[in-house]
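With the hints as constraints, model all of the structure from the sequences given.
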Amino acid sequence: MQGNNPGEKEMKRLKNIKLSNVLTYAALTIVLIFTAFPFYWMVASSLNRPETLFAFPPKLIPDFYFQNYIDMWNNAPGGISWWRYIGNTVFIAGTTTILSVFNSSLAGFAFAKLKFPLRNKIFILLLGLLMIPGEMLLIPNYVILKNLHWLNTYQAMIIPWCASVFGIFLTRQFFKTIPQELWEAAQVDGCSIGRYFFAVAVPLAKPTLLTLALFVFLGSWNAFLWPLIVATDYAIMPLEVALNSFLGSEGTEWGLLTAASTMVTAPVLILFLIFQRQFIEGISRGAIKG
Amino acid sequence: MTDEVVLKRRKRLRSVKEFLTGYLFISPAVLVLSIFVIFPSIFVFYISTLDWNMIGPKYFIGLTNFVNILFKSPYSTEFWGSVLVTVKYVTLSVPLQISIALILALLLMRPIKFRSFFRLGIFISYVTPLVATSIVWMWIFHPDYGFLNSFLRLLHLPTSMWLLGSPSALISLVIYTTWHAIGFSTILFMAGLTGVPTELQEAARIDGANANGVFWHITWPMLSPTTFFILVISMIGAFKMFTPVFVMTRGGPYYTTATTGYYLYVKAFEDWAAGYASAVAVMLFLFIFALTLLNIKFTGRKVFYAGEQSRGEGNETA
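Protein chains in written order, with the numbering used here: chain A, 32 to 321; chain B, 3 to 320.
Bear in mind the hints are in silico, worked out from the structure with no lab data behind them. For glycine and all other residues, C-beta sits at the position ideal for the given N, C-alpha and C. Each hint should be verified, as a subset may be incorrect.
[Said to hold, decoys possible] For lysine to any residue, the following SDA-like pairs were computed, each having C-alpha atoms within a straight-line distance of at most 20 Å:
id, chain 1, residue 1, chain 2, residue 2
1, B, Lys-13, A, Gly-221
2, B, Lys-115, A, Trp-113
3, B, Lys-90, B, Phe-230
4, A, Lys-207, A, Leu-182
5, B, Lys-19, A, Asp-220
6, A, Lys-46, B, Ala-213
7, A, Lys-237, A, Gln-309
8, A, Lys-152, B, Glu-20
9, A, Lys-49, B, Leu-109
10, A, Lys-237, A, Arg-308
[Unchecked claim] Pairwise CB distance ranges, derived in the manner of DEER restraints:
id, chain 1, residue 1, chain 2, residue 2, range
11, A, Leu-179, B, Tyr-61, 23 to 29 Å
12, A, Pro-234, B, Thr-161, 39 to 45 Å
13, A, Gln-211, B, Ile-63, 54 to 60 Å
14, A, Asn-106, B, Pro-169, 32 to 38 Å
15, B, Leu-65, A, Ile-155, 29 to 35 Å
16, B, Ala-292, A, Thr-263, 32 to 38 Å
17, B, Ile-44, A, Gln-98, 50 to 56 Å
18, A, Lys-237, B, Pro-59, 30 to 36 Å
19, A, Asp-264, B, Arg-16, 49 to 55 Å
20, B, Val-198, A, Asp-220, 44 to 50 Å
21, A, Asn-52, B, Val-198, 17 to 23 Å
22, B, Pro-169, A, Gln-98, 36 to 42 Å
Below is the structure:
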């Protein structure tokens, strides 16, 4: 009988909504702690004295002991400076990004806007390449680079990655949305294809190119297996591979190891925080609209 | 000459120019992809018929490598062992990841405050480098001083050897990769959920269906292409998985975490058995190809292993 009271029913409904909201926030907060805590623990551990690292119960507030960073910096693997590894990674990731975005957008534009024989056949062939797992290519590519005398060179980590099927696909999708009239109008004004591409199409595509650049840069910065195989000289190693060597030499110095991990992770985290919208959109677009 | 002829000639000239420009524009990308993707994916089949250590002479041995992998102990035991590890890993990680990601996506689609903050926090681990974060998790998993065991001890719960024990090492890897990839699957589910028409859900609700019924009879079936897509890319990711295994366990203890991707690396670049490892790579390709075909058949969608990472770069824990 009580249920018949409309006010009471409404109250119950509101209560239910409130309860489910509380549960939602609780569940999301728990997952957020799970995903974010390792980052906090990485930074906190890197700022702890050795004896604090082994304390029980663990101390959540660090000592702000910066000696770990100094020791880490002075004990770079291979007896050379961390600057070298940072420079290598920045150079490799930067060059790969510029070349890959340039080459992919050129091809994406051609596939979207220019007419030439076998255009669609070539495009479908390239899309088919996405089904080939990179692991299958490791050995033959290693043999190819060996024969080119490219092992332990920068180009070994740049040239194979300076075109991307995903990038061609992504930029083609965008260039298709530019109205054909714009191109016709430009032609009437005597504009060449090359000039139209650089002066009209690329500026319009900036958001797409930025998304692509972020993904290529991130992929190159985080790359491990390929550089591990082709870069065995310390002088050209990128950070992630050097960090693996550091793990080998400082296996139990957790303060130093977490300091080095912080150094490698921080640039990526900062980049992600600045461009999070592009990252998340890129994932949903690239993966869903296949 | 009449104007018409001039116009026609000019038009033809323009289309010749256009197709030359077209080839010019695609040539850098096509050249790179031909040398480093198309050629090697054929070349690998040839190498798989060799007995070769990448330095010395090549001996042609036909399909012996494949026969060894599939049937001859100890090779077949090692290979099928790595497949079994991968299957175990998939069985543990995929249902876990899909259910957590789906719940998170459903929660994040509700009209809540701080939505983009939560989404950011859940997604952030996906972009971070695998070696660096594997090291952090090795420290968290440390049996004596790691945070995880300390936390369990504080709660008077049983502790574990984590990466050093069996089967806990495989479970530790599942925890790590779930942590790394959960945001990725969640974003995919959110994109899938925006495709489920709200009118349908509202109509069902007006017809008296409760939230549970709406989910199981409308949302879940409509979401099945996304679910299947995540299922397939997670399985492919498992077969490709290398970096966390290499950094955290080196396949141990007793090969209980030696996945097929890791086994391939060891055979190729530690034992330098190029022919044998290429045969493993071909088998890996066949597994992944079968999964991809299944995916296309069921969802009509090509698999984009999370963007360019399709070529072995970076994020293999999708």
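Right, here's what the structure says about each hint:
| no. | hint | verdict |
| --- | --- | --- |
| 1 | B:Lys-13 - A:Gly-221 | 13 Å, holds |
| 2 | B:Lys-115 - A:Trp-113 | 42 Å, violated |
| 3 | B:Lys-90 - B:Phe-230 | 19 Å, holds |
| 4 | A:Lys-207 - A:Leu-182 | 39 Å, violated |
| 5 | B:Lys-19 - A:Asp-220 | 17 Å, holds |
| 6 | A:Lys-46 - B:Ala-213 | 16 Å, holds |
| 7 | A:Lys-237 - A:Gln-309 | 12 Å, holds |
| 8 | A:Lys-152 - B:Glu-20 | 18 Å, holds |
| 9 | A:Lys-49 - B:Leu-109 | 14 Å, holds |
| 10 | A:Lys-237 - A:Arg-308 | 14 Å, holds |
| 11 | A:Leu-179 - B:Tyr-61: 23 to 29 Å | 24 Å, holds |
| 12 | A:Pro-234 - B:Thr-161: 39 to 45 Å | 58 Å, violated |
| 13 | A:Gln-211 - B:Ile-63: 54 to 60 Å | 57 Å, holds |
| 14 | A:Asn-106 - B:Pro-169: 32 to 38 Å | 36 Å, holds |
| 15 | B:Leu-65 - A:Ile-155: 29 to 35 Å | 31 Å, holds |
| 16 | B:Ala-292 - A:Thr-263: 32 to 38 Å | 35 Å, holds |
| 17 | B:Ile-44 - A:Gln-98: 50 to 56 Å | 54 Å, holds |
| 18 | A:Lys-237 - B:Pro-59: 30 to 36 Å | 54 Å, violated |
| 19 | A:Asp-264 - B:Arg-16: 49 to 55 Å | 51 Å, holds |
| 20 | B:Val-198 - A:Asp-220: 44 to 50 Å | 47 Å, holds |
| 21 | A:Asn-52 - B:Val-198: 17 to 23 Å | 22 Å, holds |
| 22 | B:Pro-169 - A:Gln-98: 36 to 42 Å | 39 Å, holds |
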